[in-house]
Amino acid sequence: MIWNAFLLAIREIRRNLMRSILTMLGIIIGVAAVVTMVTVGNGATAKIAKEISTLGSNLLMVRPGQHFGPGRGNSNAKAFTMDDVKAIKQDVSSIIAVAPTATASVTAVFGNNNWTTTVVGSDNDYFTTGNWTLSSGRFFSNAELKAGKTSCIIGQTIIKQLFPDLRSPESVVGQNIRLKTFSCHIIGVLDSKGQSMMGNDQDDTIVMPIKTVQRRLIGDQDVKMIRISVKPNIDTGVVNRAITLLLRDRRHLSDREKNDFSVLDTREITKALTGSTKVMTMLLGAVAAVSLIVGGIGIMNIMLVSVTERTREIGIRMAIGALEREVLLQFLVEAVVLSSLGGIIGIILAILASAGLSHVMSVPYILDFDMMGIAFAFSAMVGVVFGYFPARNAARLNPIDALRHE
Amino acid sequence: MTAAEPLEQTSGKEAPLIAFENITKTYGQGASAFTALKGVNFQIDAGEFVAIMGPSGSGKSTVMNTLGCLDTPTSGHYYFQGVAVETLTHDQRAILRRHYLGFVFQGFNLLARTSAIENVELPLLYRGMKTAERREEARKALALVGLDGWENHAPSELSGGQQQRVAIARALVTHPKVLLADEPTGNLDTQRSKEIMELLTQLNQELGITVIMVTHESEMAAYASRLIHFVDGLVETDMPQSERAG
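Same order as they appear, the protein sequences are chains A and B.
Just so we're aligned, residue 3 is where the first sequence starts under the numbering used here, counting upward by one.
Just so we're aligned, residue 241 is where the second sequence starts under the numbering used here, counting upward by one.
In short, the hints are calculated from the structure, not lab data.
It is possible that some hints are incorrect.
Stated by the list, open to error - Short derived list, chain B residues pointing at chain A, Cβ under 10 angstroms:
1. GLY308
2. CYS309
3. LEU328
4. ASP331
5. PHE345
6. ASN349
7. ALA372
8. GLU373
9. ARG375
10. ALA462
Unchecked claim - Covered by chain A, per the in silico footprint, the following chain B stretches (three or more residues, Cβ under 8 angstroms):
11. 310–323
12. 333–341
13. 356–368
Small disclaimer: the values here were computed from a predicted structure and weren't measured.
Positions of the beta carbon are idealized from the N, C-alpha and C atoms, including for glycine.
Extracted from the complex, chain B is given alone in its bound form (with noise of 0.2 angstroms):
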């Protein structure tokens, strides 16, 4: 695999997007070591919108890592439409992101003193796309996450709204697969997080995005459209959401 070709789709149709099986993740060794994740099972299909809730420490962010390839688990098999991720060298999974994954981070993650044109160009830069296409490109993702006219602005001048808004603009520039959201709402006030979770909906709905998104509030898990909840690095329930409200 490289960067011209991208992830082949194996197994036809039938391989769901994602499968977990038997994941574990372990930190550290001997006494002090953490088992994050005990044996985590799930299939995540395409066009789904789930959200992962459970306490802290529960492994949610650990099992969000490890679907966005930024982590590898310790055993078992993470296939990606059927290609087990955990055979994949670094720069394979990092093509897979490039190609596949969106982030959307808790703390953001922009780029300090960079445009919010620049930064949401980034991932089409590594691609190799032209000047020109790339910049046409990142401005239809601002405007998409409504954020026309902010371009020119760097991270520190724009609310923390607005630059959770560049950071899914990011995140849908290279038009992928699946978006993952990592408490996107975590660092905004009840208004913004509704703002955010809309557009998320409207993507998932509109663009056929697949979003798997972590939380720990329950309003904002509501959008979802399947909930998946972890206790202690196992997975407790997993339902779609109008079971959970019946």
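Only chain A is shown next, with the shape it has when bound in the complex (with noise of 0.2 angstroms):
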């Protein structure tokens, strides 16, 4: 009985050509344009997250001053020195790295060729708590470290302005630069990482060791912002309290007093920006949703205007003998079909132009099956509802009512 429905299905729906394929269309864009935006939105906020792991992730940045940002707040507070970072070290639990850091803006001469770029001081934990990997050399060694040895390992944007004549990025490995009054031996090459969420160029960085910053180039002992990664899935909130309350204990602060430093949470960052990508996402999904809504309206009118043509037909098919259930049953299956059909098509196309229009915007594309299921079911209850209930009502008739509806 069910391939009968079948069979007969598909010769109304070849029957009527022009009608199916008008009512497959009002889906075939529902569906498209709903998955289309559903999938580029993904992508967008895919994107957004995955700058901000570049940054490192599950990074801590504990700077002196109350506010984060320019302006950096209260100037009158206190820098962080190394045995901050130590203690943190020692006390602060599930932590993978703490890298102090002090910055310097300098400009770095190469033969004929110079650029103001930003050294930062810091020590090997620096790479970790960046997501910094080196494309050639190596990293400091302690020897170095301790002693403040102008050794230096540099960005790829540095290379590309200080030696822009070179094939090979690994020969830097081993050149001095010269940085103010000393030079400075390149012991490593880091990996590009590109431009970052704020749009700067993190590529356009000198790391060298924290004491050579502090005693060549800035001439104090100050710690300006120390990075710390936790270790994944530990709630860096946490974290966060720990080395608040470590770090309010050492700068003697009361219970009273605010405090002197600030703590950014990388996580929370992400969070607010993907946050806020869904958010248009979700928006970008409901103005999709209209159309697939409109869609359903067309998929119903045309269903309403064929009713009396289709209300004779099915008054000719109970007068030769076909059952109630039978009628049914082949415009159940029609709709279905022509609908399945319309969800289809639409979500080929999404898939088709939502690829176009990731590699456009240059966002990952990811595909949401949910949104798939959700747009193809939605289409799918559309034809059903208006292709299966006149048609109900056609049924219920007396025969000689239906053979004679006008």
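Got two chains here, separate frames each, mind docking them using the hints?
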């Protein structure tokens, strides 16, 4: 009986090809729009999450002053010391790496080329906290760190600016560049990270042992910022509180005083940014859902307009001995086939369109099968409701009333 | 009763094929109610060719629709092979139509944009017959009404007479006991009408199919062996054709 109904339904679709195509068109456009929007939106979210992860995952950044970011907050706030760093390493659990940093803006010179850049003084933990990897050379040795040797590890932009004629980046290892009054021995080259979220070039950097930077470039013993990597799957909030308590104690703050330092949690930034793109995706999806609903109304109109013709047809079928349920099953199968076909074509179109859009917008291409399922189910439901219920009403008539339907 | 086991012939040979007992039919309710049948009684035996005549509004089409189980009477009893049709369910009546009745309508009622052979095989599809067998039966039925070679034409490509032949083939393809024809020549010219009537006569005499036909043209009624005349929802005269002529 199902096979029979299927056969009748296919015959019916072929017989009313134009109507069938129009019916499907609404579903195709609706499904394609929803799935495309959501796919591209998810790609954008993923892109932002990835960009944040280049900043360092599970990263806490501790700075003196009450505000983080431009303005530097309270300039009276004391800088940290290497002892603070040691204390954090010893007393706070669930951390992988603690990197003290001190930065200075310096013009680097090689031959006739010069380039003003930021020199970061730190230790090997800096590379862990920033997800940095080496493309060639090596990290600092303990001796270099302890003695404050003039060794440096440079980013890709520095190579481009100081060694424009160079073919292979490896060959810069072993060269010497000049910073201010001293010459600096290149021991390693960092892999490229590209632009950061804020738009600055993360590869425009030179890393040196913190002692070297403090002594030779800045002239004090201050640690300007501490970067802390927390173990994966550990709540950064807990670590954040432990560090805050430790530092308050070390900086002798009374209970009434506010923190004179601030802790920034990259996971919080990630949450905020991905949250906003998720909202955006939902908004786009909602707009596209409207087109799905409009498509549904299109189907409804076509089905209702054709109901006169179909009611007579149901009358004919019943006069020649079709059972009510046979007629209904045929219409149900017809509606399901049409809307499923429309849904599948819509999803295929969406896969192609979102592949193109993702490429143009250079966001990752992530297919959301849940969304496809929802769009598909909705289109099927629309088809069934508007294809089936008018038919059910017709099939309940006396055959003669259906035959006479005008 | 299911699709697989058609109506049992309960009362043996004594029961007439069709019996109407005091059938009434009222359309609408209250002041606007219209009584189309006011207590109709008649019997039809297997193998008869009956013409039902009468002026418009006399209830002849209502009788036809009731006979075909397309419509239900308001009161009275309709026995088909001894079975009271009014006690059957919607589906049981559909199965009765499927196995025993064939319909020919004034307006042909073919499915549009569907080839002649597909129209004809439709009743067999509902019977669940296999494709090859179905095609063969439909082809035979079309040949019987003189339409071999026209199998793949849609109704819109056929003349009125040809369309009515397709409709007759569709009614015949299930080998029904009774062929019900409601003004089968109403939309046709004289020549086509004659051909259709000759076809119906041939089916009645050669295949033994009981033919019941509504018409308002006495030329067409003349082909029948028995004439029932309706006036105002009642049987006025009911007699064999020979008596009428005499």
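Satisfaction of the ASN349(B) interface hint, Cβ to chain A closer than 10 angstroms: holds, 5 angstroms
Close enough to count: is the Cβ of ASP331(B) nearer than 10 angstroms to one in chain A? Since chain A brings a Cβ to about 5 angstroms from ASP331(B), closer than 10 angstroms, the hint holds.
Under 10 angstroms is the threshold here; is the Cβ of PHE345(B) close enough to any Cβ of chain A for the hint to stand? Result: holds, 8 angstroms to nearest chain A Cβ.
Given GLY308(B) as an interface hint, is its Cβ closer than 10 angstroms to any Cβ of chain A? Holds. Min distance 7 angstroms.
Grab the minimum C-beta distance from ALA372(B) to chain A and call the hint holds if it beats 10 angstroms, violated otherwise. Where the cut-off is 10 angstroms and the nearest Cβ of chain A is about 14 angstroms from ALA372(B), the hint is violated.
Is the hint on ARG375(B) kept, meaning its closest Cβ partner in chain A is under 10 angstroms away? Violated - the Cβ of ARG375(B) stays beyond 10 angstroms from chain A, reaching only about 13 angstroms at its closest.
Please check whether ALA462(B) passes as an interface residue: C-beta within 10 angstroms of a C-beta belonging to chain A. violated, 27 angstroms
Per-residue hint verdict: GLU373(B), partner chain A, C-beta under 10 angstroms: violated, 14 angstroms
How does the segment 333–341 of chain B fare against chain A when you require at least three residues with a CB closer than 8 angstroms, holds or violated? holds (count 6)
Under the criterion of a CB-CB separation shorter than 10 angstroms, is CYS309(B) in contact with chain A as hinted? Holds. Min distance 8 angstroms.
Tell me whether the statement that chain A covers the segment 310–323 of chain B is true, taking a Cβ distance below 8 angstroms and needing three residues at minimum. holds (count 3)
Verify the coverage statement for the segment 356–368 of chain B against chain A, using a C-beta to C-beta distance below 8 angstroms and requiring 3 or more qualifying residues. With 7 residues in contact (Cβ-Cβ under 8 angstroms with chain A), the coverage given for the segment 356–368 of chain B holds.
Hints 3, 7, 8, 9 and 10, counting from the list given before, are not met by this structure.
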